[in-house]
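Chains as they are written, first to last, in our numbering: chain A, 1 to 247; chain B, 1 to 247; chain C, 1 to 247; chain D, 1 to 247; chain E, 1 to 247; chain F, 1 to 247.
Treat the hints with care, since some could be wrong.
The list makes no distinction among identical chains, and a pair is therefore deemed to hold if it is satisfied within one copy or across any two copies.
[As the list claims (entries may be wrong)] With a straight-line Cα cutoff of 20 Å, these simulated SDA-like cross-link-like pairs (lysine to any residue) come out:
| hint | residue 1 | residue 2 |
| --- | --- | --- |
| 1 | Lys222 | Ala193 |
| 2 | Lys232 | Asn152 |
| 3 | Lys235 | Arg59 |
| 4 | Lys222 | Glu190 |
| 5 | Lys222 | Leu191 |
| 6 | Lys235 | Asp39 |
| 7 | Lys222 | Arg66 |
| 8 | Lys235 | Glu151 |
| 9 | Lys232 | Leu117 |
| 10 | Lys222 | Arg90 |
| 11 | Lys232 | Arg59 |
| 12 | Lys222 | Arg170 |
| 13 | Lys232 | Pro146 |
| 14 | Lys222 | Asp172 |
| 15 | Lys222 | Arg62 |
| 16 | Lys232 | Arg62 |
| 17 | Lys222 | Ala142 |
| 18 | Lys232 | Ala63 |
| 19 | Lys222 | Asp194 |
| 20 | Lys232 | Ser13 |
| 21 | Lys232 | Thr245 |
| 22 | Lys232 | Ala83 |
| 23 | Lys222 | Ile69 |
Everything labelled a hint here was simulated from the structure, so no lab data went into it.
A quick note: this is a predicted structure, and the numbers were derived from the prediction, not measured.
Number of protein chains: 6
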Amino acid sequence: MRILVINPNSTASMTARIAAAARAAAAPGTEIEAANPSDGPVSIEGRYDEAFAVPGLLRLVRAGERRGIDGYVIACADDIGLAAAREIARGPVVGHTEAAALLAGRIAGGFSIVTTLSRSLPVFHELMQRYGTAPLCRSVRASDIPVLELENPASDARARLSREIELAVREDGAEAILLGCAGMVDLAAELSADFGLPVIDGVSAAVKLVEALVGLGLATAKAGALAWPRVKDYKGAFADDAPTTAG
Amino acid sequence: MRILVINPNSTASMTARIAAAARAAAAPGTEIEAANPSDGPVSIEGRYDEAFAVPGLLRLVRAGERRGIDGYVIACADDIGLAAAREIARGPVVGHTEAAALLAGRIAGGFSIVTTLSRSLPVFHELMQRYGTAPLCRSVRASDIPVLELENPASDARARLSREIELAVREDGAEAILLGCAGMVDLAAELSADFGLPVIDGVSAAVKLVEALVGLGLATAKAGALAWPRVKDYKGAFADDAPTTAG
Amino acid sequence: MRILVINPNSTASMTARIAAAARAAAAPGTEIEAANPSDGPVSIEGRYDEAFAVPGLLRLVRAGERRGIDGYVIACADDIGLAAAREIARGPVVGHTEAAALLAGRIAGGFSIVTTLSRSLPVFHELMQRYGTAPLCRSVRASDIPVLELENPASDARARLSREIELAVREDGAEAILLGCAGMVDLAAELSADFGLPVIDGVSAAVKLVEALVGLGLATAKAGALAWPRVKDYKGAFADDAPTTAG
Amino acid sequence: MRILVINPNSTASMTARIAAAARAAAAPGTEIEAANPSDGPVSIEGRYDEAFAVPGLLRLVRAGERRGIDGYVIACADDIGLAAAREIARGPVVGHTEAAALLAGRIAGGFSIVTTLSRSLPVFHELMQRYGTAPLCRSVRASDIPVLELENPASDARARLSREIELAVREDGAEAILLGCAGMVDLAAELSADFGLPVIDGVSAAVKLVEALVGLGLATAKAGALAWPRVKDYKGAFADDAPTTAG
Amino acid sequence: MRILVINPNSTASMTARIAAAARAAAAPGTEIEAANPSDGPVSIEGRYDEAFAVPGLLRLVRAGERRGIDGYVIACADDIGLAAAREIARGPVVGHTEAAALLAGRIAGGFSIVTTLSRSLPVFHELMQRYGTAPLCRSVRASDIPVLELENPASDARARLSREIELAVREDGAEAILLGCAGMVDLAAELSADFGLPVIDGVSAAVKLVEALVGLGLATAKAGALAWPRVKDYKGAFADDAPTTAG
Amino acid sequence: MRILVINPNSTASMTARIAAAARAAAAPGTEIEAANPSDGPVSIEGRYDEAFAVPGLLRLVRAGERRGIDGYVIACADDIGLAAAREIARGPVVGHTEAAALLAGRIAGGFSIVTTLSRSLPVFHELMQRYGTAPLCRSVRASDIPVLELENPASDARARLSREIELAVREDGAEAILLGCAGMVDLAAELSADFGLPVIDGVSAAVKLVEALVGLGLATAKAGALAWPRVKDYKGAFADDAPTTAG
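All chains should be modelled from the sequences, with the hints used to inform the complete structure.
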């Protein structure tokens, strides 16, 4: 099975780290491809950034469909563009944080999310509501690390993350931790060892959920909310993005 | 005060009808401008369409900020791009369906939404959850009219809408009706007269809420969730959309 | 348009301050009348007080109907008597806190309410549930100022309010503030300037929502929950309050 | 123990029937008193009626406190005035529908409420939300019987109620029935026999809950939300209703 | 009326204390029997313990049915086995914590639960959700006392409980306290006197609710969710527990 | 990796069918073991049956731990004994319906559950609440097939299921179907082909989720709600089930 892991920001070094983690998580028969849009924000830290990352993400899905990709991972903790991507994909599309939260609920009585900037806190609260995991979410904590600082080996990002994890465990009753940014993808194992509790990286989690769905022969339902887009014209710069005959 | 009403699809005839309704609703001192993106889908009927309508919508807001617009109406019943637009606007930004639902709750014990296609039903259920108006929403009914049929005077759109309104009143206990597409903007008065109950068009409702907010001197809060986007690079075709120094 | 702003307690000096604020908020074509019952509690600080304020409030609405009032504001942060007033009013009736909360949700990701006494905290939590705004409400804080202290220029009410606003911003993540008592009506502008964030007074907010509804030609739905009261006898001291032929 | 059962409407014949049912439900050691206000509506069928029934209800509670009543039942299915009455009562105060719903949840997986007029449906939905019993409430059905028709032995009220109960069982999955008006107080036993399922009358249920609370020595908590009203002046016709020194 | 109070752990000394409290709470005409399983855990402190306590609990109910017991109390704060017991009982079955929470809601605006071990906190949060009392539950606090320490008169259990009650009142706004373990059954009166607020023991509360239900002639609904178990074979050690002809 | 699939009823023929389906779903490196308790009910159709199935289920988990099982599937649609099993397992434990519902939410906008008997409907509604998937669950439909009828090739079970699926699609808007009994495990593929939409069998789904969790190295969190049971005595017939030193 071929899974396309999409980093929706345009920073290739982050895509490379995400790809490595995805490959490490993948089962023997799984082939991981990874890509990011060439257009759009270098990091996604708010709703405005999201809006300019989604078109490139969707173009990658469309291209994936043409070459027979079996399933997709959206490797951004804000889980952007999920519903739109599902409309144009035959196979399953799984988001970073939905995967992490749903797996966490199977092995822990409650978890905390540790993310980058405080402006993202409402994004995670909204996702927890949407996925029905709000009762499991003990807290969302920001470490005040901009996303691209996670690309910088000299930063103190890991120390700051550790501080928030410690507080989540001691003050909020977290029994497991979710990493709230795809740029943290390679920290899960070490932090899990440091703290002696499950630390879940959403990229790896989403890879495994796509494997599960594809393994079961389950594709995206095409009747109702996730049906193919209606065929119509798109004007101007987006003309080539217009939906054409479905399937 | 100057309000920019943005029709986020690229169909200028619909923008014209929306502008006329907005002007009819506006108070004496209010100047209504109306615009639609030149790029993007001719109608918005699903999440994929939404993704390619939002960038153009945001560019219109940015341009509006440069020329001192006081507030914005997003004239699409799916309320797309609201949070992103709020990040880049000084003044208030109000959506079609949030305005209609919030006003309806002041004058009715419960309402129904009558929209175009059944694929949009989950969009409205999600909006009602987000706005906290789900307990007031007796039903969402689709009339199976594609959006652009509403531009066609020869269509039977009004008859089909009337049929669904009748069912909403009789079977679902609707005490007021919300029109679930900005393309229905000019039908509210007639349908209200036909059925003897409040029929609320979200474009007009949003214009009045923007007037209320601007009239009170209330601007978008710039600390927290709706803060200015962080300054950063956007690559490729979206390079010019990158956030620059705030304010 | 004529709007009647009702202060449901019997303290005329507070009514005068409320009237001044309402006039300052009103649009050019709006005529503000203000009144309070001659019977009932001098301040409303609990459910028992509420019970004896509502009859006078409703009599003012009935008198307003007889002289053609277009819409009503209930200028009490507990939003008392709203449903009953809607049953007997043709035009819209809007409450203090519902107006403030609904406007706040358009311009902020979350808000806190700062009120008078701690015994009112559950009232506000219940209102937030009823209006669906609980997810936006970061906290409700009491400043331990009795309502009538707000009439006393020598009190330290403003300092105590400021202290709670500061805590709401720093500890609870408030992005906007709602004033939790109609007696605070004239403090919004100063506090907003002090703290650099939106501070919303519910009296002004409700005036603007009534203007919006009346401006759209929207009246209270008279089928269902808010229908005219059934004609019947009331005995004894309330005989004159009995509902008579509707409309 | 002495329990005062208050019918908050001013129809003495209904009070007499309620008193008889309360006495039939009471334990040997319980003395039932029953009363209704001499002022106010002859029946309660909406929020406006409620507003003019509550003052008389509260006066009966205050008089009850003076003569040492141990607990109170509010014998109106709308559960009006509960919080206000609790502020001025030492002993417990229990409402009709809260008692019925809470007892029903101990013996059935789900119940339906059968009430009088359709305008009351939203009242019951709001009560179910408030008591946390909404997930157990399969439906609320109106039988279109005005309250005072229940006083008329020649009416077809029982037949209409039976029709709605049958539908609640067959279509809504009701496993028990709550009578949605205190005027139905004497029908529970017969309807239960007819349908072979629990039919719960809220007056009897509330009497038993007051007996339970008083029997346990539990009084109304006087710190916080239900504290004694603050001492203050009430003006005009309500001057004598002003709260005086607590306890 | 005969009520069987079941302590589902196998510690007879705790059963004796529970029986004494139940008898103190019972009305004159009520005969209290008390029992515990001879098989199973000596205390219940988690889901695994629960699983091995429930079979013995159900055998006691079946034996109770054979000798004509009128109603049952499950004297364990985790309210284990309630739905299963209701399937096999004609009369009502009431749990410890459901009874305490539902009575508390009639006399207080909010309460806190003080229990034994922190591992039980999620159990109580889940129960509050199930009973719809979560909005009333200000906090659940663990005193870190193992259940059987409550049997030891030399322990400092009461001091530790008092410390948590003090914090619940001061920091969480508790207006009443629920004791979160049936082993605390004899502390309610003293703690209530110490703190001057209602302290509710669930054993006594459940006895009174069973008395209320039986007194009203209300039995468990046998259509739907709580119907008699279907007749079938149970194999091996549980063969004698197989359901036989209903009633 | 070795996964133990536990059919908690005592019918070996059903265990065999479940094992076959689990093996068909498993990845190449996965070894499936399957077992059922020798003690307890031959089918699980209510809470009383559940209570006598859980002890045997837990004994199978304990035995599994002793021989190094990596993860567990509870192959019963009621998801019984999950939390207790998690307390005593190092590796992950996943239930039938939680797995199906969580996977369905990734590929469909809404689903319906088709189960055996109507008495199970509240069980599924409660599970949907617990997992946060209630907003996705369009309906739960009973086909009135007793569980063991599914073992009988001559029964009309499949036809009855098909009828309910058809209604779920047409009347309830189901976009995917969840099979609501582990005994339906071998019908998913055929029904999916018949109806052209995803039909999800919970046994297979749970196998894939356990594979995902074990593949990620994620074990059950042992701090907090799912910690090892406290060491203590169990009396009588359950003496051997007492928890011993953890790990």
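Hints the structure fails to honour: none
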